Each structure stands twice: as structure tokens, then as C-alpha cells.
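First to last, the protein sequences are chains A, B, C and D. First residue of the first sequence: 1, per this note's numbering; consecutive thereafter. First residue of the second sequence: 1001, per this note's numbering; consecutive thereafter. First residue of the third sequence: 2001, per this note's numbering; consecutive thereafter. First residue of the fourth sequence: 3001, per this note's numbering; consecutive thereafter.
Quick caveat, the hints were computed from the structure, so don't treat them as lab data. Hints should not be assumed to be uniformly reliable.
[As the list claims (entries may be wrong)] To give an idea of the chain D side of the interface with chain B (calculated C-beta under 8 Å), a few residues:
1. 3096
2. 3530
3. 3533
4. 3537
5. 3538
It should be emphasised that the depicted structure is a prediction, and the values quoted were computed from it without experimental measurement. Cβ coordinates follow ideal geometry from the N, Cα and C atoms, glycine included.
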Amino acid sequence: MLLKHTPEEITERKALMINPAKTCQPIGAMYAALGIKGCLPHSHGSQGCCAYHRSTLTRHYKEPVSAATSSFTEGASVFGGQANLLQAINNIFTVYEPEVIAVHTTCLSETIGDDLPQIFDKAIKEKKVPEGKTVLGAPTPSYVGSHVTGFSNMVKAMAGLAVKSGKKNGKVNIIPGWVEPSDMEEIKRLAAMVGVKITMFPDTAGVLNGPLTGEYKMFPDGGTPIEDIKASGDAIGTLALGEWCSADAARLLDTKCKVPCSVLDMPFGLQATDRFVDALRKVCGTTVPDEVAAERGQLVDLISDMHQYFYHKKVAIFGDPDQLIAMTEFLVSIDMCPVHIVTGTPGKKFETRIREITAGMPFEVNVKAAGDMFLLHQWIKNDPVDVLIGNSYGKYIARDEDIPLVRWGFPILDRQGHQYFPTVGYKGGIRMLEKILGVLLDRLDRDNPEEKFELVY
Amino acid sequence: MLLKHTPEEITERKALMINPAKTCQPIGAMYAALGIKGCLPHSHGSQGCCAYHRSTLTRHYKEPVSAATSSFTEGASVFGGQANLLQAINNIFTVYEPEVIAVHTTCLSETIGDDLPQIFDKAIKEKKVPEGKTVLGAPTPSYVGSHVTGFSNMVKAMAGLAVKSGKKNGKVNIIPGWVEPSDMEEIKRLAAMVGVKITMFPDTAGVLNGPLTGEYKMFPDGGTPIEDIKASGDAIGTLALGEWCSADAARLLDTKCKVPCSVLDMPFGLQATDRFVDALRKVCGTTVPDEVAAERGQLVDLISDMHQYFYHKKVAIFGDPDQLIAMTEFLVSIDMCPVHIVTGTPGKKFETRIREITAGMPFEVNVKAAGDMFLLHQWIKNDPVDVLIGNSYGKYIARDEDIPLVRWGFPILDRQGHQYFPTVGYKGGIRMLEKILGVLLDRLDRDNPEEKFELVY
Amino acid sequence: MGKAQKLVQWSPTDIKEKLLEKYPPKVARKRAKQILINEALENSTPEITANVRTIPGIITMRGCTYAGCKGVIMGPTSDIVNLVHGPIGCSFYAWLTRRNQTSASGEKNENFINYCMSTDMQDSDIIFGGEKKLAAAIQEAYDLFHPKAIAIFATCPVGLIGDDIHAVARKMKEKFGDCNVFAFSCEGYKGVSQSAGHHIANNQVFTHLVGKSETEKTDKYKINLLGEYNIGGDGFEIDRVLKKCGITNIATFSGNSTYDQFASANQADLSCVMCHRSINYVADMLETKYGIPWIKINFIGAEATAKSLRKIAAYFGDQELIDTVEKVIAEEMPAVEAACKDVLPRTTGKTAMIFVGGSRAHHYQELFNEMGMKTISAGYEFGHRDDYEGRHVIPNLKVDADSRNIEEIEVEPHPELYKPRKTPEEIQALESAGFEFKDYGGIIPDMEKDTFIVDDLNQYEAEKLVELMKPDLFCAGIKEKFSIQKLGIPMKQLHSYDSGGPYAGFVGAVNFYKEIDRLVNSRVWSYMKAPWQENPELSATYVWE
Amino acid sequence: MGKAQKLVQWSPTDIKEKLLEKYPPKVARKRAKQILINEALENSTPEITANVRTIPGIITMRGCTYAGCKGVIMGPTSDIVNLVHGPIGCSFYAWLTRRNQTSASGEKNENFINYCMSTDMQDSDIIFGGEKKLAAAIQEAYDLFHPKAIAIFATCPVGLIGDDIHAVARKMKEKFGDCNVFAFSCEGYKGVSQSAGHHIANNQVFTHLVGKSETEKTDKYKINLLGEYNIGGDGFEIDRVLKKCGITNIATFSGNSTYDQFASANQADLSCVMCHRSINYVADMLETKYGIPWIKINFIGAEATAKSLRKIAAYFGDQELIDTVEKVIAEEMPAVEAACKDVLPRTTGKTAMIFVGGSRAHHYQELFNEMGMKTISAGYEFGHRDDYEGRHVIPNLKVDADSRNIEEIEVEPHPELYKPRKTPEEIQALESAGFEFKDYGGIIPDMEKDTFIVDDLNQYEAEKLVELMKPDLFCAGIKEKFSIQKLGIPMKQLHSYDSGGPYAGFVGAVNFYKEIDRLVNSRVWSYMKAPWQENPELSATYVWE
């Protein structure tokens, strides 16, 4: 057994987290920043943070991930990191020539109390920021929230760049939240099909699923142009996908630039996608074309065709709040039973939403925010499931308990596909169902006695 | 063991086929005919043929498949089926009101020697074919070739409808061959991206992957309009994908309407897709946009990123000639070793092509046309493989030999996805690789000793 | 969709009219005789036309004679090599596509179920004849597998080109000595449906297999189970129950069967007929030749299962057996009742339509009744008049051209093996006590007034029926499944059970309750319209947060 | 791409100039001292600047002190609970992301490698201090797992807010009695690279674990293996070879290690140092405190492995051992030579660059040499001058501010446990026979003239070097892998080995030959351009069939 010291009996833990279902803020900020065109993320802290975040994102995407660091030494930790950051800004613009530097803090610089805006002012005064280039910063203390919080904070910092010219540009801002490059692509495709002009930020499509051409672009072609982000203050409204990932930025645009917003669930599964598409057409008064209805109908068709195979199958799922809320709704809607649901990200609101979604279902639900995978594993030992859905760390539980794992979430370190094929939207729903069906049917093929072995499903 | 009577020792068989890797012509004709808009396929023979073909296509697509039959009785078998077919044509146009009836023969009507053109003439004379409606027919003797031959014959019959107005219409005919609706969709998408106006026939997209909407359309929205097929005689050229599936139709267009043609491999994998895209742009003198290059680059990127996992892994693959030729080239191109290759369809040309593609590879290749899965299984027993690629019948070998099966080909009766996600084109190549990688890595996760269990691949 | 307005706004006569209105006159006349509005008369049953030709061009559910012979009857036997003589297709399509299950795992048990064997006829064979190739194929099969028997099946061209498969079979049988080789002239064009194939198959089984076993069966209560094909494991469940009751099932025709079971069938003391259509004549032959009486039973439905067990016990008339049977029923029913009680609130009042096979359209009404569901329309794919109206019509069934060419074999008491199981007096006694031998009343009397009984339902009529009568569930086969579901009506396959089953016996009843509950109460059918389709109008302004 | 024009058109000085030209002057001056064009002088080695601060904003390969301490040194020990005190990230990122393998399966073996434990510090802990939470977490870990030892690791904020983790550790250790609790002040901001973390870790291991075991090791030839981390199973292969030779490996620092191995390290008779950088000072301390001499060995490369085995044998000077070692080498080499012979035609003449760690950039040149490949540029991520120039520079290394705050522990001979393994005469004898104790010459002397040696290579310089020198292979870590491969140059990770390994010992050499053959000869790199990019021109007319 890989996790042989995990007891079935559950004891309360107040201080010790084991096998986390979250990581810290800065990596979220780094991922978000990569969704700005020509942006170099910068980690203001010890160089280890930056190394770790780059490594994790690189393993998840199998793509180069450039980011700089202030390389704090003991001295900097005592006297503050201003000198390091100023030097870094100068070196970065000189050597790498990005359009944008997106700085996020760390537990170290936050504990010291470095003041980013003040340091940026100094950098600008000292002409370390070339004409027309942008520096933005987000406070991302590692000891608050989770990687999701860091993502949200950086996206909020982007919204902070928005300006209001007074003249609406007829576009809708879409804040997609922490989804894959393929998902961002799919969201853009859906919006285009519905005939809605959008500004989406961040946008990692084309940044973290790039081609191999023999040429290395430190700043790939993808990402949201900084001008578009600044112009988001002139949008007719903002659709924020995911309360945890995107709401703060949307609300800032509202208070700062009077751009009204609406916070929707991430478009995973049938209903959430329905609400997203319906919101799109209502916002712009467009008509949803038949192609969209056809894609939707294919998903519904697949659900009806294969319903018998996932009906009342039990699922354990872990990941981030916005994703889990939408996916749990999807699983419930197709008569699956998500019985164990864990996010490492804190927030009682999460448990409330899950309780609402699973209310009246014919099964008991264990749900925990600020939980960990050690607890999830214990729940599974006490009430086994048919499928486990989550990131690659789930494979240790999957092997020990002989449960198939559907890889979904962050990070996925041991499989490919997530960067190329969306799980948002109707097509994404079909892909998720294909995967879930696949592992369930694989088990039938493996476990059925010979006389029950089936050719046709 | 499911196939416990299959001996490792291989003995020659001259008369007995066991576990075929093919079926008979009519089902191919029926599938092709479903790719014509508003067409009802008709099986001229005993009603069992039609029932079997409809059942198989329905299990493969989980979609309604309508087709009629001449319902031969003993009498008809003795006196000929003309009366039945005339009655059928009348009933079909009266009751179901299709635009087109596509008749294919069977071993029965071929043995009797029914003459379709003569019967059609009679039907028209007797006003059983309403104004503006079309009846076409293809001879598909079950005792010649295979289901692939039947497909080809029906497509050739479509080409037979082509007329030449003398005025070129600036379009390119694409004959996609026996690929999935999703593949046909992808071929159209690629052609559109390259800026080429095409007429593709047949086209089962939207016919056999339809939505669930509460409405049953006996004749779905998809399919190639019969007018377009007739106008294919005015095209500037024809790209036929697959020698076995599409060449005859293309060459008929050439001889009949002087539409020049070029027979390409089906666009499975990197090189075959390259040749297809390159042909498209050359035919019409268009420029291939960067989006296509980007998709291509993503496939190359994935190949390079995960090369170590499929490098020199052995594959056994069975299916139809055109598909196998392209896929074998793909497997070889990424340093996999397709060591056992079987098609049930006859044709020495097949073995020659495979020998060419695998020439100089560091592995022995067993290849057979007009072979069967019994032989394939014996080959595998003598020289085991890491992956088996083929239709659902492969699962019996897969379970007995504990080899992962990647479902690809026809029929797939026990999984979903093939009708929604293409395996042609660059994106299709990524999907195939994702699947092959998936099963290979699943085995590592299952079989590695604990000390070698890996989080990251 | 539909679901909203449940009540049927159409009178039966209106409906029948609508079913026929679009047909050409000739077709309409013919179909009119096969569509019956049930009158539910006291003691006469209305007549229906059945077992007649399908109309060319009309999209039928039916298959062919080969399918009935190879696919249905011979397919489920594990230790006989089935070799199809013909082009590859016929053999390919009958390869593992029915869910007749087989418990033949383990080293010593032969199991050829997973193999598909064919002579893969080529044009040269059509031109010059295929007998040589057939003989060679039989030889290769023998050399590879050394089976105890090889069955040859003819496909359409075989009859036309005049291959004498029976001669080839005889020749090879003699040559081998230790392998029984026999053939079936089940060309697809024979008869009007699978039914002809059942008949051809059963005749050959009776001729070539039954009575061929030396080993004597000494069990106390020995029966044959005729017309049970172990789809989804039905036969496993029935065998479980029989075993629990102490009843020995000598031979099932033909679910999960073996060569030796067929060969010993003559040793049973009672034949129990499940699927009346496919096999009642074998029951007659078994009685005539070996003196084995037969009764109609039905293990579909918990009540029906209990009733059938009691009937078997009554036949043997042995108190010990009668008590065991009651004990078993008492043990099994609570779980059934609990499951039924659970679903009833959600299933009561729902309506179903059933169009399958020979007897299932009748048998499954039992299960629906137990769930409080009404079968508002039903019919057979390949039934005969006696399956609709009851066996009393058999004497005056007219034999048409299509039936005439299906061999009827004449049997007479076997010189040694014939032995009446009951004296005329015993029979008499049982009958006067209300016990019914070889009795089957058909489907019509069991259905309510104004229900629709349709023979050989076709796709067009099916769609119309669903549109007009709006059932909550439709039962048929794979070809029908998705056109019905596109209409938003859940569809249950009662040939293959989708991937479900067993549905027979007590455990089967529970499975069925749950499955139907899943189908008729699934939320999936409420997702068919997108929000922008349900409320297409655009409110002037989108309501922001 | 690139592959076309292989020759390097640039002179070394040109290249160095190009590497520096874009830097701001201050940066250029500093980097100039860390980029060395090798002169390959006879008996003096050029000086390089190393182990100095990374320049803020310059994208480095380096990690932090915590990574070196928790990730590298303590990570591989299976039966010590590693508890990270800090925000969740540091613990999360060090969770199973190095490929240090562990053979601790089976019921009785404790194995905490797959667990990630943290105090998950929240802002309240930052404000009010985290000692209470740390104590509680240690208690919870103890109650759940009852481990023999718990190690505490400090992350950046801990030092700043002044949590005294050592005091907490002492307190809990006393409280438990049966569990050794100790802490590491390995805050990420300390030092200039992972190297500082190695030092902090090793000091604590030496202080809290070494010499703590009661059980006496009685084997004949006992060694310690220092600086081997069992990445990809290297240690497994080395242990296999040692065992075959009859040599007992008492303790590996720290691949596949256990608490008891560390505790018994003082009982070995020889310390063998693999990774000079991460651990040479421990070898010194072991000698000073327990009298165990040490030698530098290298198991990367088949020849190097043979040489190292012979050196160990020579140290023990026992003919029996010397013979066994020769026998083992004779047994192992044929397979190695065969594999090498197979790849040589495809690898000879290819060039490589290596930028990793402390010693690997040096060791792996052995393997490339065996394959006929030349290393044209190399450097360390966190090496010191002695790793470049050799140990003779150690006395005059200047201790800067960053090194100064890494604790140096003073050790002296242990009152009971100190026991010189060899008499001064024996040592003398060995040395005069050419045997070298504690000797390491560094990477520079082993590299050819005009090769590039670059310390703390950064992303910008890496890309430039590849552009200008066009190597056939580049070796570094995961962060570098894909930017290099985008250029069409295959990239091999020499931290994690991608998913490969072992590469140490004899079996490892064979693995490495094959892996490099795969990389430098893969056709993938020829697919980067589409046909329409290679020949964009459109022929007037497309050539139809």
C-alpha cells in the first residue's frame, strides 16, 4: 500500500494538514499573469517559490514557463525587498523586454511588509519602467486562502488596470476563472457562436499549449493584450465565471468603472453551460444559433443513451471550489452520486452551495472546505466509491483502494490532454462523460465474470 | 479465458475463417447512403440483412438508423426480386417521403441476377418515383471484397450521378472514405480553414451524431444534398481519401466528367494530414493559415514531450486497409512498433503498402490482408504487444492476454466518443496519442512496484 | 415534451385510422387486419392476421430465418461449433450480439460461444459451388478444436446454388466418427420471419440430438425448460430457483445449453414451455415420441414465477416438493415485495407499450402489472395467431406458401424410449382438478378493452402510436430504441435487455422494478430544451448583480 | 532546425561576449566572472566565481535552502515524519516531486514518503506566532503515526516571526520519550541556493542521528555512501553491485535511507563520497569524530563504477575482496560493452551541454565520453569553487555574508566512539601507492580547451548558448526542458531523469546509452516544419493523378 499509515478511523485534526487539496497563493497569481500577452510574472520573495511554481506549471503543461524572482537573501529579509525588486524590474525590462511585469508577493515579502505600489512608483520615477510598459502587482500572502485566492487576486489586479473612457465599447468582459487554455479557447468559441464581442482575461490559450516549431518564444502569441484589459472599463458588463476565482475582479470593475457584473458558475456540465450561454445572449440580445443547440443536444443525447451505466454510481471528488460546485451539479444532474467532496480552499460558502446542490438526493454527502486528501481517503475507506475525480495526487488513493481516477483539476502531472481538449461547455461535458464512462466500463470489462462479459454497452 | 480454444501454434487455414476482421458489402453501402441528405438506404434482399446492418450501425452510433428492405421470400428468390423492389420503391416514397432512395444489392439478389438499372427504369416508367426524387443503386455482392468494398461501391454510385454542365464551379470534391461523422466534420473544418470550397460526399456528420431534442427526424439535417453530388461533375478536381474507400468514385468522376483526381491516404496522423492539407492549398492556390500550423505544432509538441513513453512500444492493430495504412505510418513516425497488422479486406496492395511503410524499421512485421482475428490472436500469443488497436471485438483478446485496447475502427459497440471527437487531422492525432498514452501509463500505474510508482510522467 | 399532456385525446378507431391513412390502399388493407383494437369479449377472442409476409419497403422490426435458427436457437449452445456456410456477413452479425449468457468457463468446459466461424464464400464459390470449401472448413474446425459436434448453417446463396450441406455434413460425420455433424437449411429468405428459423433449428435438434445420450438421469423431479434463452442471465436465475426447490432441469432449449443436455431431454418427466412461439411444437414432439407431457409456464414476473413453480409441483403431486416450493416462495417474496413497494409510488399509473418477439410482449405485462403500470399497446414481431388468440385456433390456421416450405417432421412413439409419464387416469385426475396441460390462451384475453394489439409493428406505426398515445415507456429492440428516445420517451430493449437482467424469477423481478423506475423517472427527459428555447423572448435589459 | 549547420561558427570569446552583451553593466561584470572559457592548463586551474547570489530578475535555475534541506537531503528518508512549519505551498511542492525511490513496501516497514504534512500556517499564526500550532501538529502526527522520529522544517516566515522551532522540538521529544524530534532552520531566504539547505540538513543529521544506534554492525567491509539520493533507483543499482562484491553499505546519505542507517553511520570503516558538493563536509566530520577516512568515488559511468569499486577494494586491501570486485566487473562489463557498441555509431561525435546540481554536471561527462559524445559546455546550479577547481582551493575560499549565516559545526573526536580505521603508517602506505584520500579535482581539469564552464546558468544564457553552439543534447532540469526543446534540441533532465533511470552502475550505464540514443536520434525533431512551410511556393498547377 502506498498510503498504508492512513487509518480508517477518523480523528479530528486542528493543527496538522496531511496531503493537502490546495497549495499557496503565488502559483495562482503566476498562472493568471501568464494569461496576459507579453507578460513576465515576477515572484517577490525567495527564489525557491518561483522555482517551485514554474516547475509545477511546467509539469502540468509540458511547456516552458518563464517567471522571475527577487531572489531574497537574509539581508533582504531583514531590510526589505525594495532594492531587489527595483533591480529585478530593471534587469527584466533590459534583458527580456516583456510588455508587462506582473508582480505577486509571497509569505516572506508580506511578512516583511514590502509595499508594492510604493516600490512601483519608485521604479517609474527611476525610469526603470520603459515608456508604454506596464507593471502591476498583487498581494498574495501564502498564509491566506489558497492558490485559488492568489489567482483571484492577480485577476483583480488586472481589473485594477481598467480605465473608463466614458464611451462603452459594446463588449462584454468575461472572466473565465482558473480553467485550462483549452477551456478558455472553448469559452471564446461559444461566445463567438452566440455572436457576443468579448474581452476575456486572463487568457492562457496559445500560451501554455503552444506548438513545437523550432522557435522558442519566451512570450508566445497568446494572452490578453494589456490594452484590452485596460479597455475593460468601457465594457457593457462583466460575466464572472466562478465566485472564488473571478467575482472580486468583476466587482472591482463595477465599483471602479461602473461596469455591471454577474457572477455565474463555471460552465462545466449541462446546466451551468446553459446558464452561461443564456446569459451571453441576454446580455447582448443575440440569438443562439442552432449549432449551439445541436452541441447541447449531443450532450443530452449521450446522457440519455448511456444513463444506465453511470446511474447511481458513487463519486469522490476533490479540487477547487468553483470547479467542484459546477461539476457536482453536473454529476447530480445525470443521477450520479457525489458522496465525498473536498476542497483545500477555505470558505463555508462552499459547503453551503454543495449542500444546496445535493439537497434531496438519495445519498449522504460528506463535504469539507479547508479539508485535505487524508480525510478524503478516510471517507472513502469508510464509504467506497466507484470513481475518484481530481488531480494527479489522487492516484495514490486510487491505487490503494482500487478505484479508477478521472484526472480533472490542477495539477495533472502524469497525463496529457487537458491543455488541448476542453471540459467546459457542451463539448467539454461530452468529454467528461466519455472519460467517466470509460473508466466505469473498463472496470466492467476487467471485473465481470466470463459469463457476464459483454461485447455491447 | 474467453478464447481458450485458440492455440499458440499457427496452422494454415484455407477454407475456415475464424473471428473475422471484416463483414460484408451491404453495411458499407448503407453507411455511405446515410451520408446523403434525405436518403433512405434500401437493402435488396432478405429482410435479415437489413435488420443486421441497422442493428450494427445503431449499436455503433447509439442513433436511429432507418433503412428499408425488399423482404425477399422463397418465391422472390426463385422468380427474382423485381416485384418486391418496385413495391418497395412505391411504398417508401408514399410513406416515408425521402428525397433519395439508395438501393444496394445482397448476395441473394446478386446470385439471382436482379438488374437494378432495369428495375429503376421500370419504376420510373410506372411513375413510382415522384418528380425530382432520386433513386440510385449499387451492386454490393456480399461474397466479394468486404464492407469496405460495399462502401466504395455506393460512393461510386453517387459519383455516377454527377453531371457535367461544362462550367466549373470552383469547388473541390472531397471523398472522405469510411470515417466517423466527427471526422467528416473535421475534414470540412480543415478545408474551410485552408479556404477551399468543397463538396464532400458522403457526409454523415449531423446524421449519425444527432442531438436529443424531443423531436425525431427520420431524415436528419446532415448529409450531402443530392444536388451537390450531381454538381460534383463541375468541380475543379477530386481529392479521394483512401485507395480502398474512395478511389473508384474519384476515377469515375474523372472518366465520366473529366474531373481530375488525386488519391491520398486518409488524414490520420501527422504526415498523412500534412499531405492532405498541402494538397488542399495547392489545388486552390490558397495559403495555409497559422491556426492550422499551430494545431499541427501542438501535435508535434505532444509527440516530442511524451516520446519516451511510446518509444518502441509494440502495437497490434486490425481494421480496414485505408485506415490501417495511415495509422501504421503514424505509429511508425512516432517510433512505435506496429508488429501485427491485419485487415479482413482482401488486397495484396495492402500488404505491399504496409511493407513499404515499415521498411527499415528495427522490428519484424506480421501483416495480412484477408486475414482474421484468430490469426492476429495467435501472432500476439507468439509475440506479445503493449497495445492493441481495433474495434470492440478486440476486447476478447485484450482481456485474455491482458493487453490494453484502444478502440478505433468499426464497429465500436461498447464505448462512446468516436462519433463526437475526430481522430483525423492534427487534433485527431492528438486524441489518438492521448488515448494510446493513457492506456500505456495506466499500465505503469497498475503494474509498477510501489518503489517505482510515479507521480509525474 | 409530450409528457405535459398525458391523456390520450384520440379514440381507438381514430388512432387506427391515423395509423393507416398514409398507406397505399393495398398496404392499408393488409395492415388493417394486423392492427386490432381489443374488445375484451367474454368468451370469444377477436381474430388477428399474423405470421404473414412483411410488406417490401415498409421498415419492419423483423429479421430472417437464419437469425432465428443460428442466432436464437443454436447460438446459446456452448460446446457445439457453429459454422456458417456463406458470405462473411451473416456469421459476423450473429457474433456475440445477443446476450445469451453461458457458464462454461474453466479449463475442461468447451466454449465456442465467443468464436465466429464461416466459410467466407467468395464469388468463385458462388459460381462453382461451395461444397468443397465447406467440407474443408469442417475439417479445419475439427482439426483445430475436436468438438463433439459441428453445426452447419446455410445462408441465402447456399440454397440457390444448390450446395447439399446435409450430404456434406453426413459425409464428414462418418469420416470423423467422434463428431456429430449436422446442418440447417435456414436460408434467410425462407418463411416470413425468425419464426421459421426457430422451427428449422428445433426440428434438427430434435432429430440429431435428442435421445442420443447414454448416461441415465436419476434425479427425482426432472423437467425440460423449453424456450428460455438465458438473455441477461434469466436462465441462471430460473435454474437457481428450480435447484432451490429440488427440481432438476435436464435440458434448457436452448439457454446456457450443452450437447449432452439436448441429448438427455428425452429423460425428463415434464416439459415446461416458456416461449410458446419458438418451441411449442417441440413440446408436442417430445410427448408423442417419448411420452413427456408439457405445460405452459412463465417465469417473468414474481407472481407468475410462483404460479409456475406451484404448477410444476402440482404435476409431480408430491407433498414434499409442494412444501419445498411453498417454502422457497415464502423465502423469496419478501425482497420482491419490498422492492415493489419502493417503486410503486413512482410507477403506478404509468403506461407501457411492448413490441417484441413471440411471447415476451405477453409475459412482460405481468411485471408491469406488478408495478401498477398498464400496457396500452402490444404485439409480436414474429408471433402466430395462436400466440395472440390462444392454441384453440391452431387446428384452423391456414398454411400459406411461406409456411408450407418449412419442414414439418412427423414423429411417432419411440420403440424403446417412449414411456408415458402419467396414466390416462392420472392425467384425467389432474385436469379435472383444474390442471391445464399444453394450454396457452394467448395475449389478447389478458389485455384490456381498447388496448392496441399490432402484429409486425413497423417504424412508421411505432412513431405514430407513441405520438398519439404518449406512453411513459416503449419496449422493443435495438433498431427501435433511439428513434423512440429521440421523441423523449424512454425505451427499454426486451430482446437484449440493454445491458440489464436477469429479469426472470424473483431476483429478476427486483432488477426489473429498479430498471423501469430508473427509466420512467429519469430527469434526463427534462433536459431536452435549452433555456433560450423555453423562454426565447429577451427581457429588455439583462439583470446584473 | 539548426541541425543543418552543425559547426560552431563562433569563437569562444565571441560567444562569451554575446552572452553578456545585453546585460546591464553591473550584471555583465558579475556574470563575466561566472562564465569561464576553459584553458585546460597543465597544472593550474583557472578561477571561477561560484556560490554567489543570483541576480534579482535574472531567471535562474536555482531553488532555495528549504528545497535543499527538505527536498533533497531529508526527503528520501522513509521512516522519519517530515513536518513542514509554514504556509502550505512549501510542503505541497516538495511532495513526491523528486524521484528519490524507496524500498519500504510491506506491512512492517514504515514509509511516510508519500505523505505531505504541514502546519498550513494562517495569517493569525503569522501575527500571533506559530509555536502552539506547531506543537499541536507534532502531537497529532505522533498520535496518528507513532513514528520513531519527526523532523520539523522552517519556511521563510518562521524565522521572521521568531518561532523557536528547536525549543518546540526539544519539548515534544522529551514529552514523547520514544520519538526523536528535531528541527531544521532552513528558511528559503538563507544562503544563495539549495546548497545552504544541504549543509543545514547534514549538520542536523550528523548532530541528532549519527551515532545514536546501539546495534553493532559486524559485517566485514563496511562503507557509507555519501551524497547518493537514489533518483530513478541509482542507489538500488549501486547497492546491488556493492552487495555482489560483498561490501556492506551501512548508510546512504540519503537515498532510500532509514533512521537506523543514519544512526549506525559511525560504524562504517570508509566513507565514499558521490556528490562532493552536497556532503563532503559530512565526510570530514565523520573522520574527525569517529575516525572514518573518506574517498571520492563515482558510480556514474561503467568505467567510473569499476574504478570506484577497485578503489574501495584497494582501501580494504584484502585480496579476497579485490578478487571478488574483479570478478563482478568481469561479469557486468560485457552487457555494458555490447550496449555501448550498439549505440556508438549513432552517438559518436554528438555534443552535449550539462547544467545541473553540484556534481552531476561533472559525473555525467563520464557516460557521454563512453558514448563518444563531447560535453562542450557545463556548469553547476549550486556548486562552489572547489567543485569547479578542486579541493585545493578550499582553504582560500572567502566566506561572504550569505555563507556566514549557515551554521558550521565544530566536531572533535568522540570520547568512546572515535577509532582510527587505519594507522598513520597504513594511510601513508596507501597514499604512497597512489591511493588518494579525500581528493577531488573538480570539473574544470576534466573538460577540454575552449569548452564553456558557466556557473548558475540562467534561461537567457542557456538559449543563447544553444543558439550559438548548437549542441545535440542539453541536460538540465524540468524548468529548462521545454524552452530548450522548443528550439528543436532534445533535452534530458538530470535531476529527475525524466521518468528514466537508474543511470548509475553497470545497468544504469546501459539504460543511459539507450536513452541518449533515443533522444539524439529521434525523428521527432525533423517534423517541426510543415510541407507548406518548407516549400511555400505554389506550383502553377497541382499535379493530379
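inquiry  = Hint by hint, where does the structure go against what was stated? Just the numbers, ascending.
reply    = Violated: hint 4 alone.
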